[in-house]
Every structure is written in C-alpha cells, then in structure tokens.
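Modelling step: build the complete structure from the supplied sequences, incorporating the hints.
These protein sequence lines map, in sequence, to chains A and B.
Each residue of the first sequence is one higher than the last, beginning at -12 in my numbering.
Each residue of the second sequence is one higher than the last, beginning at -12 in my numbering.
Any given hint might turn out to be false.
Because identical chains share one entry, a pair is satisfied inside a single copy or across any pair of copies.
To be verified - Calculated pairs, EDC-like style, for lysine to aspartate or glutamate (alpha carbon to alpha carbon, straight line, at most 20 Å):
| no. | residue 1 | residue 2 |
| --- | --- | --- |
| 1 | Lys5 | Glu15 |
| 2 | Lys495 | Glu581 |
| 3 | Lys639 | Glu36 |
For the record, the hints were derived by calculation from the structure and aren't laboratory data.
Here is how the chains run, residue by residue.
2 protein chains.
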Amino acid sequence: MNPDILKERRNATFDVEKLTFILYEGPEKTKRRREIESLVLNDPDFAEEDPNFLSRSERYDQAVRKSAQMILKLREYGIADPEEIYFYKSSVHPGRSEPLDLHLGMFLPTLLNQATPEQMDRFFMPAWNLEIIGTYAQTEMGHGTHLRGLETTATYDPSTQEFVLNSPTITSIKWWPGALGKTSNHAVVLAQLYTQGNCHGLHAFIVQLRDMDTHNPLPGIVVGDIGPKFGFSEVDNGFLKLDNVRIPRENMLMKYAKVEPDGSYLKPPSAKLTYGTMVFIRSLIVGQSAISLAKSCTIAIRYSTVRHQSEIRSGEPEPQILDYQTQQYKLFPLLATAYAFTFVGQYMSQTYNRISGDINQGDFNELPELHALSAGLKAFTTWKTNSGIEVCRMSCGGHGYSRSSALPDIYAEFTPTCTYEGENTVMMLQTARYLLKSYRQAKAGQQLSGIVSYLNEMEQRQVQAHPASARPTVVDINDLSNLVECYKQRAATLVELAARSIQQELQKRRSQEDAWNNSAIDLVRASDAHCHFVVVKLFTEKLSEIGDTAIHAVVSNLALLYALHGITQSSGDFLQAGLLTGPQMLQISVRIKELLCQLRPNAVALVDAFDFHDKKLNSVLGRYDGNVYENLFDWARRSPLNATEVHESFHKYLKPLRSKL
Amino acid sequence: MNPDILKERRNATFDVEKLTFILYEGPEKTKRRREIESLVLNDPDFAEEDPNFLSRSERYDQAVRKSAQMILKLREYGIADPEEIYFYKSSVHPGRSEPLDLHLGMFLPTLLNQATPEQMDRFFMPAWNLEIIGTYAQTEMGHGTHLRGLETTATYDPSTQEFVLNSPTITSIKWWPGALGKTSNHAVVLAQLYTQGNCHGLHAFIVQLRDMDTHNPLPGIVVGDIGPKFGFSEVDNGFLKLDNVRIPRENMLMKYAKVEPDGSYLKPPSAKLTYGTMVFIRSLIVGQSAISLAKSCTIAIRYSTVRHQSEIRSGEPEPQILDYQTQQYKLFPLLATAYAFTFVGQYMSQTYNRISGDINQGDFNELPELHALSAGLKAFTTWKTNSGIEVCRMSCGGHGYSRSSALPDIYAEFTPTCTYEGENTVMMLQTARYLLKSYRQAKAGQQLSGIVSYLNEMEQRQVQAHPASARPTVVDINDLSNLVECYKQRAATLVELAARSIQQELQKRRSQEDAWNNSAIDLVRASDAHCHFVVVKLFTEKLSEIGDTAIHAVVSNLALLYALHGITQSSGDFLQAGLLTGPQMLQISVRIKELLCQLRPNAVALVDAFDFHDKKLNSVLGRYDGNVYENLFDWARRSPLNATEVHESFHKYLKPLRSKL
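What follows is the structure, encoded as structure tokens:
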C-alpha cells in the first residue's frame, strides 16, 4: 500500500465499516451486497477487456456476451430479488448500461402491468426465456418530453382485425430506445390509436421487429443503430421506421383500454398507475446521482493524497495536493453533497415504498407531493452531480483526462440523466407548478400538509426586498436547525417572487400561459430553492439516526459544510431576503475554511466508507492501495496503439513525405 | 432551407456580413480566411470518414494522412504566414488537434529560439523537411505545473563529452507530450542538468528517439502511447522512459546557457524570454475559448429554432423551443459571453503584439501586467466556456448527446485547456499574487499604472460589510459605464478581503506561505472578480468602435445582458459590498427578461455572424440550412453498427442462450 494513503487511513477518527452500514442500510444488506459482488468479480466468465481499448462494435459484442452470461448465472444462483439483481448487474457491467437493460427493466414490467392474461400466455414466457427480446419504443426523432406530440399511428382495420402501424413523417421515426437497434426482436411501440375515424391518444402495441430465427428485420420495418453517442457505447440505442406494418388486434396491450373486434373503443379506468412508475424511476435516479458523485469523490480524494505537487513552504518537499485549501474547497463540498444525496435517495425510496402500498389500493393522497418532489429532486441532484463529476475530474489535473481515471466514463454515462426520464428544466417547472398551486391554496387560507406546509407560514409575510435591518438576526450559523429555517424561508421567498411575477404578467393582460412562460426563470429558481431546502432538511434529520459519537461528529461537519457552502453559492438570495447579514456571510466564509481543516484528516476514510470495490470503480487514480503510477504505466502499455512499436501510418504517409519535400 | 430558420434570418435587424467583419478584424481578413478555408474544404484529398465512426488507430491513421497532405499543400500554395497556416490547419482538422501540432508549434519554434547556429544547421532543415519529426517533452507522470519538481536527469560525462539522460523513477517518465507516442523520432527533452557534481536546473536537450529509417525505438528508449483519453483521439500523447541514453554535448540547446567540453557551466543571461511565450499561448487560449463557445451557441441556437416541443398555449402547435424563456436564459447569456470573449481575445492578441516589440528590445515594463492578466483570463474564459459548452449540449435535449451534434466532441477537445498551459486554479493564484502585490503598493502610496490602477481608489475606502444604506445609490442598471464601475469596485473589495484574510492569518503567527494557502479561496475569488471586471470593461469599450447603428444596438444589448447576468450570478458580492440594493436586484431580473425578448429575433443572425462553415462546424443539429432530421437519419445509417443488418453477437450469444434457459 502507498505510504501516503496508509497514513491517511491511520489518521481517521472513526470506524469506517460502521459508516458503511449507515450508508447501505445496515450490516446485513452490506454483507449481502458484498457477497453478490464477489460472485461476479471472482467469476472468470465475466473477465473483460477494458472497453476503452475496443471499437464500438467490439464493446457492444462484449456487453452482449456478458449479459447472456448474466442471465444464465442469475437463474443458476436463483437470484430474483430486484435489488439483488441490481447489485449483480452493476457488478457485471460496472458503471455502464447494457443491451438487456430495456428488456429486463421495461419490456417485461410493461407486460406484467399492461398485458391481458391471454397476452401473458403468448408473450411472457418466451420473453422470460429470451426468445423474445424486447424494448420500449416511445421517444421519436422529433418528440421527447411532450408525449401528446408523438406521431406514430396505429390504425385499426376491422376487415382483417389488425392494426396498421406507420411512421407518417421523418420526425415520427422512433429514435433513442435502448437495444432497439440490434438486440431486440420485439418492441412495445407507443402510437396514436385510430379506430372508427377517431384518435384516442397514445396506446402500447407489441410489434415483432425481426425474424425469430434469422434476426433479419421483417417487411415494412426499417431498424438500426442511431450511431455513436457521448457515452452508452455498450447500448444499441436504435431507430424504427414503420411502413404499413400489420399486427393482430390482440397485440394491443389491453389490460385497461380495449379495442373490440368491430373497432369500438373502451377507455381505461385510470391513468394514475403510470404516474407511480415515473415517481419510482425518478427516485432511483436520485440514488444514482449519489453513487456517481461518490465514485468521483473517491477517485479524486484518494488521488489527491497520493499526488504531490508544487510547494506551500519553500524548500520543503512537495505537499500532497489535498493540503491545498483550493483543492479541499473543490472536493469537500462535493463529498458532503454525495453524503446528502445518499440520504435523500434513501428517503425517496423509503417514502415510495411506504406509499406504494396505498397507491396499489387506490389511495393517491400522498402521490402528488411525492411526484412533485421526485421531479424537482431528480433535476436538482442530477445537475449538481453532473457538474460535480467534472470538478472532480479536473481536480486530478491531466491524469483526470485519461480514460484510465474512469472519470470521463463516469461523466459520459451519467450526464444523460439530466435529459432522460424528464428533461431537468421541465422537471423543475413541474415542481414549480405544484409549489404555485400550494402557495395559492395557502393564500386562500387552506392548511397545507407535507413538506410544502411552510408556505402557510408565509401567508401574511411580505417579501423583504430591503434587508430588514430592524428585524433581530438570531441565526446561529453553527446550528443546523437554524440553517434549515433559513433555507426554508429562502424557498418561501422565491416562491412568492415567482407568484408575483406571474401576477404582474397577468396585470399586463397576458394569458395565463404566457404569464407562466414569462416567469419561467423565477419558477425554476423557486423549485431549485425548494429542493435545496429539502436536501438540507433531510441531511439534518438523518443526523439524529446516527448513534456512534465519532461518526456523528464527522457527518455533522459534512452536513454543516453542505449547508454553509450552499449559502455562499447563493448568498444574494439570503442577503436580499434579509435572512442573513453581510457580517454573517463573512463569518460563514471563515467557518467553511475551519470545516475544511477539520474534515481533512477524515477525507480518505469518508470515501472509503462508500465501499466501492476496485473492480467496480475501475480507476487507476482511485485505487484503494494508492499505487497509481505503476498501474498507470501498465495500463498505458496495454493500450491498442502500443500493439506494435511502429504504427503503419509511418510507412504509409510520413516516410514517403520526405522524398516529396 | 428549413422554413423556420429562413423566417429567423428574415427577422434579423442588422447586416450579418458587417458584424462578421467586426468579429474577424475587417473584410480583408475575413475574405482571406474564407479563401483558405475553401481551398481545403473543396479539396478531395482531405475527404475523410467521420472520426466518430473509426477506431482509435484508424483515427490516428487518418489524421497522419491528412497532416502529411497538409504539409505538401502548404508548401505548394506557399502559405507561410502563421495566421494563414492556422486557418488552413483548422480547416484540415476542424476542431481537432493533430499529430504534427507539436512538431510545428513547439519543436520548430524551440529550435528557432534556443538553438545555436551550429544546431540550426544540423537540425532545422531536416525538421523543416519532416525527416526529423519532433515534440517537446516536459511534463512527467508525477510532475506537471511545478517545473522545478521535474526529475529527468541529464548528467554530463566529460570523458566522452556526452550527456547521459535518465528517468530515475517511475514518476519521472515523460508523460502527455503530444506526438511523443508514435509520430516523433526526436524530442526536445527537459531535464535537470548535472555537471561537475552540481545541479543547474532545467535545460533542453535534443534526443533522438527512433531510428530514422525503421522508426524503431533506439536502445535505452522506452516510448509509446499513453492510451485513450476523453478526447484528443487523433493525437498520440506519449510516454518516454530514458535508460542511460547518451547524446553528444552539442545536443544541449545552448543559445543561452552552455556546458563547456570540460563540464563547466555558463548561466543564461535572462529567463524572461520564455515568459513571453507563455503569455502568447495563454492569450491564444482566450481566443480559442471564444471560438468553442461560439460554435456551441451556433449549434444550440440554430437547433432551438428548428426544434418544436410541448406547448406554451394549449391547443396551439408546438412552439420553437427558443421561444421558451428558460431556453433563452440558458443560451443568450452564453451567446453574449462568446461575443465578450471574442473581443477580449482580440484585445489580448493586439496587446501582445504591441508589447512584444518592446520585449524583443529588452523592455519588459508592461509584461508583468500582461502576464498576470493572461493567466487569469485564460482560467476565467476556459472555465466559463467549459461549463457553457455543456449547457449548450444539454439545451439540445437527447440529440445533443449524439456525436452527430458535434457538441460532445467540442467539449472533450476543449476541456483540457482548463488544465494545460497552466492549471486554472494555479493561474488564478498567479493573478492574485500580482493583485496583492499591487494592492500593497497602492496601500504604501504608490501610484499604479495599467488596469490595476483602480486599487489606488480603494486606498482610503474600507470594505463595506454592511450594505451602506446611507450612501446614495446612483447606479443606473442600463448604463454600462455604471456597471463597469460596479464590477471594478466589487473586484477591489474582494482584493481587499483577500488581503485582510492573509493579514489575519499572519496575526495568528502563521508563516507567509501558510497564510497564503489559508487564504487561497479568497485569492481565487478576487482574481475571478478582477477578470470579470476586465471582460465587462473590454466589451463595453469595444462598443465605441462599432459605427453601424443597427449592429451597435444589438451588440450593446448583448453587452448589457452579459453585465447584468453576471451580477445576478454573483449577486451576494454586489449586495454585500453595498454596490447594489435588493430592489435593484429585482429590477435587474426584470431587465434581463426584457433583454432576452429583445435579442430573440436576432439570435440566429448573431450566431450566423460567427461565420462557421458547415464542414467546420460538422454538426447535424447546427446545419446552416436547418435540415436537421433528414440528415440525422442519413448520418445514423452510415454508422458502423449498421454495416450489417444482423450483428454477429446475435448468433454468438443471444440465439444459443435460448436452448440453455
């Protein structure tokens, strides 16, 4: 082990293993996760070439091979619990999406949720046994977020009792669905249903795309890969153009809505069930944000203790770069954020599980708040993580730019979460819609429940445009509950500002819709402040669950750093609303520097607690043993450009050039 | 042409061509640039496959082929002016670095600057004729920014009159130099010079790496490619391990320092000349920031006029996404930034050219300020551009993530500028050192010259911790000169805060060095504010040079948006220093929204003025004609995974899986 990193671990003031149990919801769960990981990581059938050394086609090929192995082994070991499958999968394809994700995560669940018993008989077992490999084809080239805009049509022909599917325009071509390009032979296709001359909106249809034996596309089907992307090189995101493709009436998923043989249409009873799935997926993304940011912090902080550079005191040896205040200031607030998001992810999944029982029994009471919260937090956490990964990468200097650091891959694989499952700005505006509705209810004297109930407190209060120097300032900047209160009032102030902007627009005789659009900047800002408040609140509340004194001390410092750093990043909001004063801002700056010093000895232990196996981290810079340089050299020598001493281009182009000049 | 984008162009209120001339320093220069570009873009010898469809080795191969062609054609056309070579090269390799960059940009200039006449005879013509292909090997695996830390040794052996070069440790292996891996047969190697038992610090040595005929590495030389990176796939950044490699004494570059045959050492007369080169390169990077951000804005803004999504008013057709206030708020401040950085880049190169005459005559008077400014502005502009490119990419929704958008490549190729040629945080601290020195001189009553002279004004003034409600607020938020003044005072305030932090640390009996490190956050913040002030100032000053009324109006709006948006992003600074009040902040938010509306009709014209040829932009989303969707489909169908209808992995893994389940 590298002596620097060994020294760091010796300096830690707490028991790392105990903190790991807090981060992974108990020792039992942690142990089981490690068991499953070691099943994969010690299995030679999952040995792989570093994908960074492969061509796109080779990457896809390797991923398909491993996914096929994975299916066999999951059955062999009898692993069936969704969370355990997730642990297994994320060890087989560490940090990467894979070609069967859509089959397992969307196609099978869609059958379970929306197929009739007859359809289950026809499709489920073949799909379970990977004869049918399916995907979920919703997004089109010209249409993403706005589902009503989708153009693909399914027109019922009663004479043959078939649906005729078409892509009427170039923009209607299905575009982006994972595994659509090469892997799948079936798809759930979302299309506008036409029958008896009427359009009934989007419905789901099972469409066979390829021959079961030869895998060739069927007549009327133009299908393929959409080409290379920033990341996601293992996945064949695809396109699908449908030209008068006929499927039997029975291939429309008819558990809820129905088309009778004569073409008459029966409406579904409720649409709220899909609503629950969206909430679930967005809550998962919050947890994924935490993992991606935690990985990035692990790499950057470990490397920063091994790397020595420049000098603080002249004549002395080059210090570890983590001893620079600027490096601590880049990384420790992100470390605190990774902890915050971990706890927020726990809260979201617990809350979802708690109320999903109610949902299944038709009680949708708590769903609107969770829906609004999951939309905003999905946006809030993915945006922060997205920029945070890049700060981590750049904090590793040049070596962070090498694929060996893993940081470019973490970024390229993570960044689509800002766009998919609801584009982030749209998500923030959804949350804002809920906040504004709640605000108006509070104004009307209604008592709100849940997290937004703070809007009741604002009822009489006016937005403080001038810092209210008359009001006594009672904020103790070291008291987290005081800071939670500050964040709350900031959120309330910004919700009120957004409401006022809409009001002013309406007074200028703009329509409701234009008033909304002309206030969108304020609305996003209000949502952001609301989410920030929720995160600080949940982080603070988590502290009361931590019994171990040493761990409580260090995690409290992280929470305080998170809260104070957030204030300095939006100091104008807090000053403008009169919640904090200029002198307090100066105190906060000083306190942040103290916290950086206090956290410094525990930095490595705090990332060790995330418990990422080296093979899952897959980063030369972030190795547990800190032996960075030897392994960087080994890695480079294995890279494909070094397969020969002399690249053929020398003989083809450079040597012949001499005689021509 | 797409009708949406046609309509945009018809709505423009100014003559695009005239603005292009302002951005490219006159009609003559613009015309010449276009001539050179069309020489390349119409030349079938430079036809290429989209690099995104190629493997790493194929990308390198294609780049070497094109670079060799480029050398031949530059000679054929007699293009020799450095700027014209740059235009030519950036058309041959649009947006990408290439394998001969280091030979042309570092190896040949180093010979010109540091070789003796005898060395010029031996090396220059062979290098000019590409027999010798060289690179510049400075950075080591363990050492980047801190040059004194480099470990490679060159020990003089008087018995044979040779230097013996060694890489004594793993961290001393040369790492990162472009073209070192595969392309070069020579390198300028930076090494610690030892002679007669003394170390004389870093000197430059010409080392032959590979056999001139076979291109095989010579004995004692271990050389290769450092492996795949985030971007820079065309360049063979390399490693070099030296094991007792002997070179003749005459291969030390001895124009300034010398080692005599007996081993006695003669010092160089001055070190300031290399100082000038750094300033030059950092000034260039400011201009490159402008180009990368301008390209990203061009793509995102054109696409945002072609893309329709969701609804503002229910029942109406889906609006262009550029009509959403949130989209304008993402893109227009970045557009303003691209304009700002273009003008700052012009200023930097003009200033450099103005004073480089003085430098050559030994007059270094203005160099320290330009050096400090170029360091800070390099960091300021690259950081803003780096995050700005990603905002542009994400503003294009899912399609921004496709390599066809070009945005992933623009980002991956640009982001190293935050690290190379001086890591950004280190750069900010260099600028801070100059600011603090100037501040102390001002305190001591010295009259400062140049941009920092504003620090004299602060001499008596105390930092206003409380918003000074007594002071009359005279700021007109629509008056750019008022805003420049605000930025100036903010910078002065933050310089003073940093100085005070150092003072407080010293009072706690910390050493100067520790006081500096413990104030580094404040120092970076002060430099950032200083650079921001300079950018706002230069943008404002540029307006006076614009004679055309229509153009003046629209560019003034951009400048105002740039200044006001910057204030809102750091509103705490302005409030805390008592420079602006809460009500003014609210006015600024309203004014920003108005400016977004005012700029909206000219958005496409403003990016058209950057005059990027479609082939240089290389983006399906950013096409001049707006025909995005058809071309996206064409591009995808050409991608390698679509070379066959059925990928071989189906037959290898997926079909066999059926019988096993």
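Consistency of the hints with the structure:
When the C-alpha separation of Lys5 and Glu15 is checked against a cutoff of 20 Å, the pair qualifies only within one copy, where the shortest distance is 12 Å, while the shortest distance between copies is 70 Å. Within a single copy, Lys495 and Glu581 get their C-alpha atoms only as close as 50 Å, which misses the 20 Å cut-off; across copies the closest is 14 Å, which meets it. In the homo-oligomer, the alpha carbons of Lys639 and Glu36 lie at most 20 Å apart only across protomers (18 Å), although the nearest pairing inside one protomer, at 29 Å, exceeds that limit.
Every hint, counting from the list given before, is met by this structure.
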